[in-house]
Amino acid sequence: AQKVTQAQTEISVVEKEDVTLDCVYETRDTTYYLFWYKQPPSGELVFLIRRNSFDEQNEISGRYSWNFQKSTSSFNFTITASQVVDSAVYFCALSEAVNTGRRALTFGSGTRLQVQP
Amino acid sequence: NAGVTQTPKFQVLKTGQSMTLQCAQDMNHEYMSWYRQDPGMGLRLIHYSVGAGITDQGEVPNGYNVSRSTTEDFPLRLLSAAPSQTSVYFCASSLTGNEQYFGPGTRLTVT
Chain A
426 AQKVTQAQTE ISVVEKEDVT LDCVYETRDT TYYLFWYKQP PSGELVFLIR RNSFDEQNEI
486 SGRYSWNFQK STSSFNFTIT ASQVVDSAVY FCALSEAVNT GRRALTFGSG TRLQVQP
Chain B
16 NAGVTQTPKF QVLKTGQSMT LQCAQDMNHE YMSWYRQDPG MGLRLIHYSV GAGITDQGEV
76 PNGYNVSRST TEDFPLRLLS AAPSQTSVYF CASSLTGNEQ YFGPGTRLTV T
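Protein chains in written order, with this note's numbering: chain A, 426 to 542; chain B, 16 to 126.
These are calculated hints, taken from the structure and not from any lab test.
Virtual Cβ for every residue (Gly too), placed ideally from N, Cα, C.
Hints are not guaranteed to be accurate.
With the C-beta cut set under 7 Å, the calculated list includes, among others, these residues of chain B facing chain A [to be verified]:
| # | residue |
| --- | --- |
| 1 | GLY57 |
| 2 | TYR63 |
| 3 | LEU110 |
Chain B with its partners taken away, still in its complex shape:
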């Protein structure tokens, strides 16, 4: 099992550009989520999904879109990047929604 994979590992965007952060898991987990990690603030939930076709907002959803067309994939889209979105992004998956397994993270810089 590869577990939870994320691509890319690093990305630099200009303000206003759009991009998609990819997340995939091969553990057949129903629950997937996206967090962002900012210095001194821990991780905050952006969006989550409890199964294919079902998504919902977390604590900080503005500026991000998600979709879940398959159990395996849960991409995060930045519609128009802003410097405030400079962060480290973690994708996580879980069988039960409690014990969550995290991907290696994507470090995003918006200039």
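Next comes chain A alone, as it looks inside the complex:
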């Protein structure tokens, strides 16, 4: 069975601080995808990134960066110089086996990030 663990329930930082959101996953599949979604106070789910299990290269997009380490089954998300607009709940998710029809996402329980001005 697949599992995604986001051990940090809530994080509070002051604006301009860097913050890292942790994600640890479990799967028996050799091919899978990992995702991060953002859920702002308005409630919608915003796709941030998808990472293929064969691609361990870290990715940077503006103030966001992602560190994928297969050896530790982790896919951590760092926000540099946080801003108040980053306040949201962030979900890490894992796809099911790509060779099955199900292809659903298994979500972590989310990390609520509060950025104080």
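Keeping the supplied structure of chain A fixed, place chain B upon it in accordance with the hints.
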């Protein structure tokens, strides 16, 4: 493109009532799914469909029915609402089944 649309945005039901949550997408995606979001639990899969005429159960299917008569629509039916079904419901669609696009959600309260 409107993307994934859901109606209604909010709904209050009494225990035992039935209703249908609507979901539509205009991206010609084969894969559609329904999730529910409860506090502290992330999103859990209720039902999914890999194409018109094909549906299957997810992690928490009890109390819900789905059908997929067209590629665009994937309604979720609550047969006899229970307070335990109070939740936020998200519909999602995907071209490949991996990167999923979510609708805005329906907040359902069952009293």
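ask   = Does GLY57 (chain B) pass the interface check with chain A, least Cβ-Cβ distance below 7 Å?
value = Status holds, d = 4 Å.
query = Quick one, is the TYR63 (chain B) hint okay against chain A at 7 Å, beta carbons?
reply = 6 Å, holds
Proposed interface contact between LEU110 (chain B) and chain A, which counts if any beta carbon pair is under 7 Å = 11 Å, violated
Hint violations for this structure: number 3 only, all remaining hints satisfied.
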